[in-house]
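Enquirer: For reference, the chains in residue letters:
There are 2 protein chains.
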Amino acid sequence: MSSNSKKILILAGDGIGPEVMGEVKRTLGWFEKRRGSGFETEDGLVGGCSFDKHGVPLTDETMQKAIDADAVLLGAVGGPKWDNLPFKDKPERGLLRLRKDMELFANLRPALVFDALAEASSLKTELVKGLDIMIVRELTGGVYFGSPRGIETLPNGERRGINTQVYTTSEIQRVARVAFELARKRGNKLCSVEKANVMESGVLWREEVQKLGDTEYKDVQLSHMYADNCAMQLVRQPKQFDVIVTDNLFGDLLSDCAAMLTGSLGMLPSASLGAADKGGKRKALYEPVHGSAPDIAGQGKANPLACLLSLSMMLRYSFDQGEDADLLEKAANNVVAKGFRTGDIMAPGCTLVGTKEMGDEILKELDRLAA
Amino acid sequence: MSSNSKKILILAGDGIGPEVMGEVKRTLGWFEKRRGSGFETEDGLVGGCSFDKHGVPLTDETMQKAIDADAVLLGAVGGPKWDNLPFKDKPERGLLRLRKDMELFANLRPALVFDALAEASSLKTELVKGLDIMIVRELTGGVYFGSPRGIETLPNGERRGINTQVYTTSEIQRVARVAFELARKRGNKLCSVEKANVMESGVLWREEVQKLGDTEYKDVQLSHMYADNCAMQLVRQPKQFDVIVTDNLFGDLLSDCAAMLTGSLGMLPSASLGAADKGGKRKALYEPVHGSAPDIAGQGKANPLACLLSLSMMLRYSFDQGEDADLLEKAANNVVAKGFRTGDIMAPGCTLVGTKEMGDEILKELDRLAA
Ligand SMILES: [Mg+2]
Ligand SMILES: [Mg+2]
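Those protein sequences? They're chains A and B, same order as listed.
In case it helps, my numbering puts the first sequence at residues 1 to 371.
In case it helps, my numbering puts the second sequence at residues 1001 to 1371.
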């Protein structure tokens, strides 16, 4: 594979995944036709749809394709249909395997408020207007992956469930480096979050991040915060943060809490990055923050913007097409500012549109901006 | 100790603890004098102040006194002075030992909004006005206590930090029972929260809670939610919840998040309960949600209401003095409605008061209400 290849594996997944991915594909087509981006795309299955067809939430073959791709675009996985499957067959296991086998250790979760949508937040508008936080969540370690794990039956007939929270120096350092680098390109502030007051893994986390700050990133303003306090501070005064770095479990809750602060979950993209290879290229997976929304799946109502903004992150981080990324983000901003809204971000006086109409408006706006 | 004894161990702790506890003592005095409550109080040390005097954050002697008491009232522990102590000496270890050795497995965290303070929330007023959630957090199990734990050095020179998340059937059942019982006395709705999609300990949690619901509490409306979604839902629409039951770590973050939603952390009490003895009496510890606030300690500025409302929970849950508890809560409500405010809940047009003046107003209001 040449370093100029742009091989994209598209995993639309379950629920609304295929619908929103449809708009992404049309937009990819626009970039091919109008901007000469030479993408090579292929489709694959992940989650419940893969289980239904192959009996596993992700096949070895698809896993290998993801590893070979330059970037993976994912829709969403899961739904009530698969809720009672055994643990190893659950749709989420497919997503977790992708992250694990691609070694995507850094999950970038922007919490960003579009001006036109600031009113949509459950927080008072002045607290979120202009909000721009980047949460970097460690994604391949910690308690979601540690061993031993499982449920065992004790001699007295009781059952015991076990999971193991574990982090090593290098796991902490590599994700902290991504966060320090991002901070340098943003407001130069990094807040590291753990529970060092009650967990040894948190003590290690704090010490290793501080050590990096003291040696390689003296120019970045580093602070530390306990995870429960961070949950409070996000609600109290979210704009105090620039970049947050935290572990897998705390990052799961805190990034979702921050996402909801924006009031527009249907707008939020994410990127998951691995280590850089010799050419500086990182394995990468891009996906919207929202889930598979089984309640509205197949109805053409889903908001495709989060998936489209994930495409924008892909253009920026995987293919160095910053200008194209800017163009797509600008188009999304403009379409929303003009009042086009899917149900999830609908507001009085705005125009309610479906998934496909929203995609149409994006393409029209891209045409206008590129004219 | 007779079953009518009212032996209270008072552990004021660090930072603003002693100040707010001073007002609690005056109020206890009021109940003794005016309502004939025969309390027997004793003071003890916990946290940094205990470490400074005895070299440990809690002595065996004080631990025994706590076990022998009918109720323990605690102020707050911790502060920057003790932040760099070895793990076992940290102030928080004293508090954790109290919870562990008294087997206080159920932490009751009301998130309640006083009408006069609804505007103080960072959330839009209509989303929090009348908010009344009860979060029941498991407090003696899970990843803050599980073994193995610690930091080890690996052969390659790296370090590894480990903690263990572990729950047994009976640990889950006993805290779930407290939550089901509370739900019955409230809105009859219980939401159980875990990460069953990625953690086996969460699978066990969900199964055991559901089993209890199916057998002993069929009348209670039971639902399940993933912890990250719960963090979002608390921010989006907190009034959807009545009682939430969750594990130690998730409860730590979610109860603090819910507390901050109220906008008035200085108002929130908590109770931690153990198993009922033959006489139906539970070991119990009552403490405000706020921390030791070292930045304002010793300045007479701290809000004593959370500690006073903790006293009210003590009257209700440990001494069956529901009427007295109502009286104290009513007094707190009235004083705030009249516009008396410490700095943390100050609002335009209100009267700024210090810790002692707030205590004075509570006593005056109690006099008025009891007249
Ligand atoms: Mg999540
Ligand atoms: Mg906490």
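Please keep in mind that the hints were generated in silico from the structure rather than gathered at the bench.
Where hints are given, some of them may not hold.
[To be verified] With a cut-off of at most 25 Å between alpha-carbon atoms, the simulated DSS-like pairs for lysine-lysine come out as follows:
id: 1; chain 1: B; residue 1: K1278; chain 2: A; residue 2: K211
id: 2; chain 1: A; residue 1: K239; chain 2: B; residue 2: K1124
id: 3; chain 1: A; residue 1: K6; chain 2: A; residue 2: K281
id: 4; chain 1: B; residue 1: K1330; chain 2: B; residue 2: K1025
id: 5; chain 1: A; residue 1: K211; chain 2: B; residue 2: K1330
id: 6; chain 1: A; residue 1: K129; chain 2: B; residue 2: K1124
id: 7; chain 1: A; residue 1: K124; chain 2: B; residue 2: K1124
id: 8; chain 1: A; residue 1: K124; chain 2: B; residue 2: K1129
id: 9; chain 1: A; residue 1: K129; chain 2: B; residue 2: K1129
id: 10; chain 1: A; residue 1: K81; chain 2: B; residue 2: K1211
id: 11; chain 1: A; residue 1: K124; chain 2: B; residue 2: K1239
id: 12; chain 1: B; residue 1: K1025; chain 2: A; residue 2: K88
Only a predicted model underlies this, so the values are computations on that prediction, with no experimental measurement involved.
Enquirer: Evaluate each hint against the coordinates.
Expert: Here's how the hints hold up against the structure:
1. B/K1278 x A/K211: violated, 54 Å
2. A/K239 x B/K1124: holds, 17 Å
3. A/K6 x A/K281: holds, 12 Å
4. B/K1330 x B/K1025: holds, 18 Å
5. A/K211 x B/K1330: violated, 51 Å
6. A/K129 x B/K1124: holds, 14 Å
7. A/K124 x B/K1124: holds, 5 Å
8. A/K124 x B/K1129: holds, 14 Å
9. A/K129 x B/K1129: With Cα atoms ~23 Å apart, A/K129 and B/K1129 stay inside 25 Å; holds.
10. A/K81 x B/K1211: holds, 21 Å
11. A/K124 x B/K1239: Holds, because 17 Å separates the two Cα atoms, which is no more than 25 Å.
12. B/K1025 x A/K88: violated, 56 Å
In terms of the numbered hints stated before, the structure departs from hints 1, 5, 12, listed from lowest to highest.
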